[in-house]
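**Student:** Read off the chains here:
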Amino acid sequence: AQKVTQAQTEISVVEKEDVTLDCVYETRDTTYYLFWYKQPPSGELVFLIRRNSFDEQNEISGRYSWNFQKSTSSFNFTITASQVVDSAVYFCALGDSNYQLIWGAGTKLIIKP
Amino acid sequence: SQTIHQWPATLVQPVGSPLSLECTVEGTSNPNLYWYRQAAGRGLQLLFYSVGIGQISSEVPQNLSASRPQDRQFILSSKKLLLSDSGFYLCAWGPQGYEQYFGPGTRLTVT
Chain G
257 AQKVTQAQTE
267 ISVVEKEDVT
277 LDCVYETRDT
287 TYYLFWYKQP
297 PSGELVFLIR
307 RNSFDEQNEI
317 SGRYSWNFQK
327 STSSFNFTIT
337 ASQVVDSAVY
347 FCALGDSNYQ
357 LIWGAGTKLI
367 IKP
Chain L
2 SQTIHQWPAT
12 LVQPVGSPLS
22 LECTVEGTSN
32 PNLYWYRQAA
42 GRGLQLLFYS
52 VGIGQISSEV
62 PQNLSASRPQ
72 DRQFILSSKK
82 LLLSDSGFYL
92 CAWGPQGYEQ
102 YFGPGTRLTV
112 T
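These protein sequence lines are chains G and L, in that order. This note's numbering puts the last residue of the first sequence at 369; the count rises by one with no breaks. This note's numbering puts the last residue of the second sequence at 112; the count rises by one with no breaks.
Computed Cβ-Cβ distance ranges for the label pairs, DEER-style:
1) HIS6/L to THR336/G: 32 to 38 Å
2) VAL340/G to GLY17/L: 39 to 45 Å
3) SER330/G to GLN71/L: 38 to 44 Å
4) ALA10/L to VAL340/G: 22 to 28 Å
5) VAL340/G to PRO96/L: 31 to 37 Å
Hints were generated in silico from the structure; no laboratory data involved. Cβ atoms here follow ideal geometry from the backbone N, Cα and C, with glycine treated the same way.
Chain L with its partners taken away, still in its complex shape (with noise of 0.2 Å):
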């Protein structure tokens, strides 16, 4: 069966400093892969989704970014944090069709 990972689960930054948010994929070749983010009390925002290695669509300008060094590695990547990238950080992923399956999240605390 397959799984999804994500961590960390809780991260608290000073603005300014860098990202790194890690998800990994196991039990599955070729997935698509996403990124979304969701405010507090909010919707679900797509912010990066690949279709394989080193392809990367992004959907907001911001100033994050993402990459897929490997099929089932996908990394989510700042170089400065701002107040505003606090949320909760959801990774997906899906076969080649359309239902999308969730890790469990990593909330994020820009301080």
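With the rest of the complex left out, here is chain G (with noise of 0.2 Å):
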């Protein structure tokens, strides 16, 4: 079965820590991609990152991170030196052969000042 598992349900850090959000992902497919969004209080869901399962290359942007491991199954999230504007809901998803997205359930981050 595909699935996406996001086993924290909520973190709180306070400001300037560095918080890793973990995703644990199923799939059958040799051929899958994997993403990050980000869901502040207004609502919008933001697009932060695509990974390709050929692609095991870590990937920095910013205070951002994302440390893809096949043999785990895992696609990890790390923010350093978090800031209270991170504070917000973050959802793993993988894709499917069909194009769709699987969705983990989200962990919500809070930043206390």
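Put the complex together from the two separate chains, hints included.
**Tutor:** In structure tokens form, the structure reads like this:
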């Protein structure tokens, strides 16, 4: 079965701490894509990253980094030196062979000043 | 660049009333279009998706329907709203591939 698990329902850290959001996926496909989206309090989902199954290089974009490991079926997201503006719900998703996204339940991240 | 519009932003409707939510995309052609619903504090539930004009696939049986009368227009409708239809409705578009880009959403409260 295709599935995405975000085991952390809510994480709360103090500003400037580093925080990692976990994402574990299950798929039968050999070619697939993984995504992270951010949903701030305003509600609109913001696309952060897409990673395909053949590219296991880690990605860094400013304070954001992503660690993709096929051996453990994980695609974790780390925010370095967190800021209050990072407070949001973060969703991990898996793109299946029918071009549909299978969504995790989301992790609510609270950054306290 | 591509832009996706949704309206209205908020809506309060009585039980049994009809519903029409509209979504339009600019700056692209032949996009995949999606309607999602998100209950308060919950994840995303795919309701409908469309790969072309008049082509609608339903993911969840319910009293909602969708239509795509034009290439870049996607409409979500109901003839009679239920209390359980309350939620945050998100429209998304995607190129013929995987990633999806979301509109600002409509918060629907059925009273």
